[in-house]
Amino acid sequence: MKAKVYITLKNGVLDPQGKAIEHALGALDFGGVNEVRQGKMIELDIAESDEAKAKSQIEAMCEKLLANTVIENYAIELIG
Amino acid sequence: MKAKVYITLKNGVLDPQGKAIEHALGALDFGGVNEVRQGKMIELDIAESDEAKAKSQIEAMCEKLLANTVIENYAIELIG
Amino acid sequence: MSNDFNAIEITPELIAEHGITEEEREVLMNIMGRMPTYTELGIFSVMWSEHCSYKSSRFWLKTLPTEGPQVICGPGENAGVVDIGDGQAAIFKMESHNHPSYIEPYQGAATGVGGIMRDVFTMGARPIANLNALRFGSPDHPKTRHLVSGVVAGIGGYGNCMGVPTVGGETTFHPSYNGNILVNAMTIGLANADKIFYSKASGIGNPVVYVGSKTGRDGIHGATMASAEFDDNSDEKRPTVQVGDPFAEKLLLEACLELMAGDSIISIQDMGAAGLTSSSVEMADKGEVGIELWLDKVPMREEGMTPYELMLSESQERMLMVLKPGREEEARKIFEKWELDFAVIGTVTDTRHLVLKWDGEVVGDIPVPPLVDASPMYERPWEPTPKAVEIDAASVAAPSSLTGALKQMIGSPNMASKRWIWEQYDHLVMGETIQSPGGDAAVVRIPGKTKGIATSSDCNPVYVKADPIEGGKQAVAECWRNITATGAKPLAITNNMNFGNPERPNIMGQFVGAIKGMSEACIALDFPVVSGNVSLYNETKGEGILPTPVIGGIGVIADVAKSMNMALKNADEELVLIGE
Amino acid sequence: MKSAVILFPGTNRENDAIAALEQASGSKPQLVWHGETELPKVDLIMIPGGFSYGDYLRSGAMAGKSPVMRAVADQAKAGVSIIGVCNGFQILTETHLLPGALMRNAHLKFICKRAALKIENAETRFTSKYDAGQVVKYPVAHHDGNYFADSETLDRLEGEGRVALRYCDDDGVVAPETNLNGSQRNIAGILNEKGNVLGMMPHPENAIDPLHGGIDGRGLFSSMVEALS
Ligand SMILES: Nc1ncnc2c1ncn2[C@@H]1O[C@H](COP(=O)(O)OP(=O)(O)O)[C@@H](O)[C@H]1O
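Protein chains in written order, with the working numbering: chain R, 1 to 80; chain G, 1001 to 1080; chain A, 2001 to 2580; chain S, 3001 to 3229.
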């Protein structure tokens, strides 16, 4: 089963990357760009084919490794 | 208009981060994980409210800055 | 004071939740002569916290020897300043970021490095070397691997980006740190001896200026967060760790040094822990003046921020300055060139009060001298550490194989090479690193000169545990030896006192013993203490860490080309043992 | 040889670069700020190491789009010599003055150490003081030095003698074990088609003083002085 995991910074956590991108877009004359936030997307393929089990397996991976849950949230999308 | 940009490595470009994650998941006893690839997700809010225009504006941002098209592909999702 | 911001009712419970004891509450009420507002309560709570007030340690810290002909400025400012000849000064200090690094190793360690560098460049010095003293739990503890790699990456991530070489440190492992690692970071900066910047505000009517990054809701204390009403609707608990932005700090460094090259700054203070509160209070207190802040003018990262949050935020990469009148535009130009925020957010007054306004309306008003002078100081009960039983060397069996014993020693985590760590630090940037990590002390050359600074950080906590006095002495002596081994003359030290819960007499006894031992060694070696930091309550499940008074020392060597290292140079040369 | 050093917000090895250029050429390079649109008339433009714009998004990405880099690209076309070291190399690939990209080191860690490098092409204006096949030691200090290009590009680089340096061991052996960051074919530095633009990850400017532990980097700067004065 293929899946995508989206990892984003929690609300209120400073995002230096997003801030710098916003600034750089402004300097390149792209006006009116706001609230730029940078996150990660991780694509993976796991052996498990049962949806519920796959989801809970990936959840465990997020909690243990993929996301830094002190400052990040994650969302899982199963693709099949 | 809010949008998300997904930036992924092109096929054939090796992905050290993805590989390291795959390896680390294995070490944590998550078996059967394959083809891990890490990409970026950039969320932004642009002033333009017309869909077509917004899309072409963001495309220009990707070409000019957000993606390195030598090694990366991008996909745009408008959220509204 | 009819502002909504302070509508929150101040109850004894709320005061207690802010960590203020009943005794301290009495003092607070006497100072204010009324109930404090919510914002004022927040300010008292941070100013009187262990972290800001040093309430358990101050009494003993005052006994450390801090003077010498080489000392330009001892403890009490952002960092210590010593004369290194040729009209130049070294400015240095060590600081801990233990708890944040345990919660989020990368960001905790990174912001620790960022904080100590600000302490140094706020005084006018360009940082030229970083060190880091690390203590982790047992190597086979399940969390250790994650903590080591995160902390090391964080230290490198910040220091490498700043372009300051990380040239030394120490890394040891012991199970007592399993649930409470130590991350102590040290920075040495270089300044002209006649151009050192202090925090003392002066000049009634002078502008108070905010520079750097915007203020967000970073690091506002967890307990007080829960009781506040500003929380948005999201159910996620707001994280209390700060994220570092080394790029912003690099810009801040360059902008500050550019402005400092002129003469428009009267005083400057970095916003570290307790950000705007401690910086403004310290500036006013030192200058015996008042400060009025217009909080609505503070550059904000998030919407709907309150005075309470603005005063308590620990957002990184910010500074507060008092400028000479009429020099705002000159300063603004520099900060805008470096793409940083710049805002005039207040003025110096003659009231000796810290007055906080929002849209012209007063939202807080605290007399500064009693806030500072009446901050609690405890002479906590302590008991001397009982003498450890001496091990009779004869009772230990000789190893059956000397090679085996040697291999075991070299292979032990504490003795093993730390190359894996320091190769992740840029120890060469600036092009002046003469002795890299891996030796006794690092040596960095002073740009344009033949002379250099030798530096080392040391402590053997096992010794301190066995005998705090002797262990304290030995930490100082080891640092002194490491510096002399390069050929440099030791000048002065900074320190980081990492201990358990000071409310326990045996722990307080370790602290007192270490201070006594350090003092004795410092006096004997003419090696005064010019700055330092204290981190208490390092415990897990009621078990304190090993007492860890880390010593960071510097020395000067006239010609770095003559500095010595430990490499064996040629075959067949004799090895000589000196000393007792 | 007259030279200029380009500064971006976050550049941090500029003084190292200035010292090396001054030592070799006897004159101080001019400093050029990232917002400039015109460059002084010089023989050599150096883009030094550091973390331009924090290396946020991708290392060198934002600096690559700055006004001064458009001017640098014009100068490159006009045949002026350009050298980019570390972050400078990353910036040159981001502006497409050099092919390929520099990705995160394969082991994902920042690495700072003295590295052995094999001079692959000693017939360039940057390397003429060395012998082909000579092993030199310069420090490396980078997080994103993992050179990537598709195999077609790599073959072309090789075929045209545009691989300037490779990671090797002390004896000049180029092998997977001597590849300290995962770069394709151990590549540490490459040239553009015309041979007037060099990008490299290692820092020759940190190997110019006996007290640095070696002076192998001097050859690179003296090559340039000889070719460009
Ligand atoms: N965290 C670290 N950062 C930088 N250098 C380190 C670190 N840990 C150890 N080192 C370096 O490793 C070498 C050996 O350290 P240590 O065993 O503490 O030295 P010694 O006990 O001989 O004084 C020293 O040169 C030290 O600077």
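If you are wondering where the hints come from, they were derived from the structure by calculation, not from laboratory data.
Possibly wrong hints are sitting among the right ones.
[Unchecked claim] Sample of chain G residues facing chain R (criterion: CB under 8 Å; computed from the structure):
1. Tyr1006
2. His1023
3. Gly1031
4. Gly1039
5. Ile1079
This one's a predicted model, so the numbers in the text were calculated from it and none came from an experiment.
Glycine is no exception: its CB is placed at the ideal position from the N, C-alpha and C atoms.
| query | If you check each hint against the structure, which ones fail? | reply | Those not satisfied are hints 2, 5.
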